[in-house]
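All residue numbers for the sequence shown refer to my numbering, where the first residue is 24 and numbers rise by one.
Calculated directly from the structure, the hints in this document are not laboratory data. Some hints here could point you the wrong way.
[As the list claims (entries may be wrong)] DEER-style ranges, computed between Cβ atoms: (1) 107 x 55: 15 to 21 Å; (2) 145 x 53: 28 to 34 Å; (3) 56 x 132: 33 to 39 Å; (4) 32 x 107: 17 to 23 Å; (5) 149 x 61: 32 to 38 Å; (6) 145 x 61: 16 to 22 Å; (7) 128 x 70: 27 to 33 Å; (8) 58 x 110: 30 to 36 Å; (9) 123 x 97: 17 to 23 Å; (10) 55 x 115: 33 to 39 Å; (11) 139 x 53: 34 to 40 Å.
Ideal placement from N, C-alpha and C gives every residue a C-beta, glycine not left out.
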Amino acid sequence: LAHPGGVCISPDEQTVYVGELFKNRILRLVQRPPGVWLASVFCQLQGRMGPSAIACTPTGELLVAHFDVQELQGAGRILCIDAEGQTTAMFQVPGAEITGLCVSPCGRALFVTEASSRSVYRVSLTD
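Build the full structure now, drawing on both the sequences and the hints.
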């Protein structure tokens, strides 16, 4: 793995997602047959350095912190990716150096840690 930057499991516990920061992509791992893990590129990102943190929502969307150094980007970007690997929404926080994501149990809020501002942000996932 090229600097793994996050791991999460789907709500049905059938799929494991791993972010590779230095390849700017998300891998998907499934166990078929039992004891054998198959891996594929689920989503290839563009721009910025790569995924530094990932989390799954209760409905199965993947939230991906797209890391970059603060001097190059002013705002942090979090992508919402559907089951087909397509970006469906984007959220921003002050500071581009996102280091962690956590979805609230109800799925309505996302908590984000960001290194350059030494902050924790709360982002609403509902409008």
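Results of checking the hints against the structure:
| no. | hint | verdict |
| --- | --- | --- |
| 1 | 107 x 55: 15 to 21 Å | holds (19 Å) |
| 2 | 145 x 53: 28 to 34 Å | holds (32 Å) |
| 3 | 56 x 132: 33 to 39 Å | holds (38 Å) |
| 4 | 32 x 107: 17 to 23 Å | holds (19 Å) |
| 5 | 149 x 61: 32 to 38 Å | holds (34 Å) |
| 6 | 145 x 61: 16 to 22 Å | violated (36 Å) |
| 7 | 128 x 70: 27 to 33 Å | holds (32 Å) |
| 8 | 58 x 110: 30 to 36 Å | holds (33 Å) |
| 9 | 123 x 97: 17 to 23 Å | holds (20 Å) |
| 10 | 55 x 115: 33 to 39 Å | holds (37 Å) |
| 11 | 139 x 53: 34 to 40 Å | holds (36 Å) |
Comparing the model with each earlier hint shows a violation of hint 6 alone; every other hint is respected.
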